[in-house]
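So the sequence shown is numbered by this note's numbering: it starts at 92 and just counts up by one.
In case anyone wonders, no lab produced these hints; they're calculated from the structure.
Computed from a predicted structure; not experimentally measured.
Ideal Cβ placement from N, Cα and C applies to all residues, glycine included.
One thing to keep in mind: the hints can contain errors.
Restraint-style ranges between C-beta atoms, simulated for each label pair [what the hints assert, rightly or not]: (1) Thr120 with Asp172: 25 to 33 Å; (2) Phe101 with Glu176: 41 to 49 Å; (3) Ala175 with Glu112: 46 to 54 Å.
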Amino acid sequence: MALAAYNVGFNHVKDARMIVEWQGGDPDTWVDMSAALPLLAQRKWYSQVPYGYARGWEPVLYVNNIRAYYNILIWLTEQEDASAEEPPADGPMEAP
């Protein structure tokens with residue numbers, strides 16, 4: 092949520108949280124917020140919230156890109172850890 096607020100502004104995130112609540116969702120989950128933020132670009136929705144229009148699809152793309160990059164970094168770190176734990180291929184074998 093902090094990344095979305097950094098991108099689109101805290102008040103627009105508050106507006107999206109209101110929309111999520113109106114729709115019966117959980118404003119503390121990214122799944123519900125990522126569905127509500129793009130609605131801030133539709134007159135039907137931005138005319139009902141205090142801070143108005145926002146390009147709400149942008150923070151969704153921004154956060155999803157950062158999450159994807161984070162997942163890549165986690166995967167790379169796990170690969171490095173796994174290769175550090177493996178014994179050298181031509182090293183001595185231990186007896187069972």
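Hint check results:
1. Between Thr120 and Asp172 the CB atoms are about 30 Å apart, so this pair conforms to the stated range of 25 to 33 Å.
2. The hinted window of 41 to 49 Å between Phe101 and Glu176 holds, with their beta carbons roughly 43 Å apart.
3. Distance hint check for Ala175 and Glu112: the Cβ-Cβ separation is about 47 Å, which falls inside the suggested range of 46 to 54 Å.
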